[in-house]
Amino acid sequence: MRADVLSLTPQGLRCEAGGFHIDPWRPVARAVITHGHADHARPGHGAYLCTPEAAPVLRHRLGDVRIETLEYGLATGIGATRVSLHPAGHVPGSAQVRVESQGAVWVVSGDYKLQDDGLTAPFEPVRCDTFVSECTFGLPVFTWPAQQAVMAEIRAWVEAAAAEGRTPVIAAYSLGKAQRLIAGLADLAPIRTHGAIEATTAVMRAQGLPLPPTEPVTDPKAQRGRLVLAPPAALGSGWLRRFGPVATASASGWMRLRGIRRRRGVERGFVISDHADWPGLNAAIAATGAGTVFVTHGYTGVFRRWLEAQGYDAHILATEFADDDAEEEHDG
Amino acid sequence: MRRFAELFAALDGTTRTGEKVAALAAFFRTAPEPDRVWTIALLSGRRPRRAITATRLREWAAERAGIPLWLFEDAYPVVGDLAETISLVLPPPTQDTQRSLSGWMAELARLGTLEEPARKAAVLDAWDRLAGAERFLFNKLITGGFRMGVSQALMTRALAQATGRDEAELAHRLMGDWDPASTGFAALVLTQDPAADRARPYPFFLAHALDDGPDALGPPADWMAEWKWDGIRAQLIRRGADWHLWSRGAELITERFPDLRPAAMALPPGTVLDGELLAWEGDAPLPFAALQRRIGRRSVPRKLLAEAPAALLAYDLLEWAGADLRARPLSERRQLMEDALASGDRIRPSPALRFDDWAGLAARRQAARTVGAEGLMLKRRAGLYRAGRKRGDWWKWKLDPYSVDAVMIYAQSGHGRRANLFTDFTFAVWEGEALVPFTKAYSGLTDAEFREISAWVRKHTLERFGPVRRVVPELVFEVAFEGIQPSSRHKAGLALRFPRMLRWRRDKPAAEADRIETLRALLSRG
Chain A
12 MRADVLSLTP QGLRCEAGGF HIDPWRPVAR AVITHGHADH ARPGHGAYLC
62 TPEAAPVLRH RLGDVRIETL EYGLATGIGA TRVSLHPAGH VPGSAQVRVE
112 SQGAVWVVSG DYKLQDDGLT APFEPVRCDT FVSECTFGLP VFTWPAQQAV
162 MAEIRAWVEA AAAEGRTPVI AAYSLGKAQR LIAGLADLAP IRTHGAIEAT
212 TAVMRAQGLP LPPTEPVTDP KAQRGRLVLA PPAALGSGWL RRFGPVATAS
262 ASGWMRLRGI RRRRGVERGF VISDHADWPG LNAAIAATGA GTVFVTHGYT
312 GVFRRWLEAQ GYDAHILATE FADDDAEEEH DG
Chain B
22 MRRFAELFAA LDGTTRTGEK VAALAAFFRT APEPDRVWTI ALLSGRRPRR
72 AITATRLREW AAERAGIPLW LFEDAYPVVG DLAETISLVL PPPTQDTQRS
122 LSGWMAELAR LGTLEEPARK AAVLDAWDRL AGAERFLFNK LITGGFRMGV
172 SQALMTRALA QATGRDEAEL AHRLMGDWDP ASTGFAALVL TQDPAADRAR
222 PYPFFLAHAL DDGPDALGPP ADWMAEWKWD GIRAQLIRRG ADWHLWSRGA
272 ELITERFPDL RPAAMALPPG TVLDGELLAW EGDAPLPFAA LQRRIGRRSV
322 PRKLLAEAPA ALLAYDLLEW AGADLRARPL SERRQLMEDA LASGDRIRPS
372 PALRFDDWAG LAARRQAART VGAEGLMLKR RAGLYRAGRK RGDWWKWKLD
422 PYSVDAVMIY AQSGHGRRAN LFTDFTFAVW EGEALVPFTK AYSGLTDAEF
472 REISAWVRKH TLERFGPVRR VVPELVFEVA FEGIQPSSRH KAGLALRFPR
522 MLRWRRDKPA AEADRIETLR ALLSRG
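Protein sequences appear in the order of chains A and B. The first sequence begins at 12 in the working numbering and counts up by one. The second sequence begins at 22 in the working numbering and counts up by one.
In short, the hints are calculated from the structure, not lab data. You may find that some hints are simply not true.
What the hints assert, rightly or not - Residues from chain B shown here face chain A by an in silico Cβ test under 8 Å; the list is partial:
(1) Val-99
(2) Leu-103
(3) Gly-381
(4) Asn-441
Backbone N, C-alpha and C define an ideal beta-carbon position, used for all residues, glycine too.
Please work from the sequences and hints to get the whole structure.
Here it is, written out as structure tokens:
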């Protein structure tokens, strides 16, 4: 990366003029955080800056750390720069970071999606010269169906599983995806939850998000046939076996691919993602008006080449958010 | 097609055998009859011929999706399946269709007769009418690579459930050379047709592997032993005025073995033999590679007939004088067979091995490679000839494979369930100071190991060639194989039979991997 507004350091993406990092992966003095997922909000920084909506989850996950908040759309001066946060649509409270320094405007997308999930402030394009975009799903095979349609599929599946005397269990990331399902399937409330999901949901409910009541699983065998949400890791564990007969599913953008669904050993995949799909990435990038684009975590090599063919000055930013073409570590 | 796509989704969404059988049985009860026949055909390996090359399909799909071909090619290894990649990149359909599975199969047959522009138009039209699983299945059928994760045995069981017919009888009826386009469900499954029966083979009886040695099998006198030949399991049918040769994959291969015809026609009508096809010279089989040269082709040039003459080493007699012998004990079938066949002929009994006790037989087994066999078969003398892989009466007792410790030098991602994981590796051994590649292998490790190795590969890539990565030569694996032959086509000058990974040698540094001399020494023993 050139000696520009942002540059890559061993700690992460750094703004020299402002003296801060954005989503750094090693401890720094001052971190601007896009959202609370573990690969973006790491422990050990001297000070954290995020939106007020993201702060409760950060506090829940990181403990007693120094957090300042900044409302969406309000600019603040940090060092010689102006910094503002803008809705990214990824999970409640998630932000894009706009940094203006000596007349140049850079925007770091963090993770984002264009679909309105009904719970998260929708993505807002921010005009900039240089856009740092994630591209987790930066291949043309990834296109998302409408959320309504997927919720209808889930309801039909839950009903069929219950009719067979099985308990339907969906693997969903505990921050974001789980609450999206809880809100989108309000008619199935109270949905039963794994402890990790219940804890995050309680934090988000307490900050005023419209989340229907949920019920933490205490006796797995009780209420056979009612929908259960669990983090992906719980699906391969002894925890699941205590439910008796189950029907398993995963809710993730990766479920678009049959091979990945089969490898994860779930019977059903629901294509619902908190990241932008292929048309979404392209639309978002175009809407920034940026001439230069840095792509990060996802199919960066392919996506960079595609952007270059579309006339962008495109580069790869080798972040440590997730690996090159690995889907394993990164939530979909 | 919608009904068929629902069946596919039901089968694809479960690993429980009972649920698969139930879904299939329901389909066989309620689907339109031509669709039932096509489903039986597809699930018994009767795939349609590929109507269009994969190259054309990629080009048309990329063009229709409005993406450059390179982008399609880069997405393909991530998806791991061509038919699926195509169905995912295409825009949603704008038209509808009510066409059934059999209707689409007729359309596929028609495609094969069209000129390319008309063919392309027809494919684009199909893509514009089908969505989701239906579009994926259409692509699977058009690329000729159709599989559904259901074995023929499971399909037969479901058909038996749906029709109330006997499973073994159904298995027999479904064998042979019938055309799903012109065969009715009733004729195939329900009514008797003597003409069609004449070429029909019996379902093969398959052995289980004997993992712990024969001691638990009881008195040696209850068993017969013979060599386990490394050829092609086949069934020879001599009925009426004809003869037919079937491979175990239910493929009719009569035309490819004209040199067996005189001996076959010399058998009395009403004879069926189960045996092993081998390339055979004098008293011993030629390497499998010699036979392989004959299977790939429809007609066999005279030169090849002379270089790789075929023989059928008969294991069993299933029909004699027109009577089905499968319910008679092996000892009786075997005796009749030995009386019927001459030992020096192109069709000859596979010799029974004499032995007094298990220790003596174990010693014979060790000598299997010297006669060109890959181990022993043990068969209960009182056993019947059953259908499919059944435990108890037939055991294969193979030799331990050869193995060497080799260094991984290239890695490539797998397909289907293993797309996105590096599972296909190229291995090398040392020749002086250099590593010489000698084989590829892609099975034998657990998914957890493949995941760990995939993460390693991503961090240790030296160079990329499309989906292939050259990696730091550091990881050592024990590679097992069944046989080894000289080969001018391979850099190391040798070719392996059934190579696979036995284990990951985390304890061994690359410098301690085997040398090419080790492989060459095995070569001389063949």
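TODO: Find the hints from earlier in the document that the structure breaks and name them by number, from lowest to highest.
DONE: Violated: hints 2, 3.
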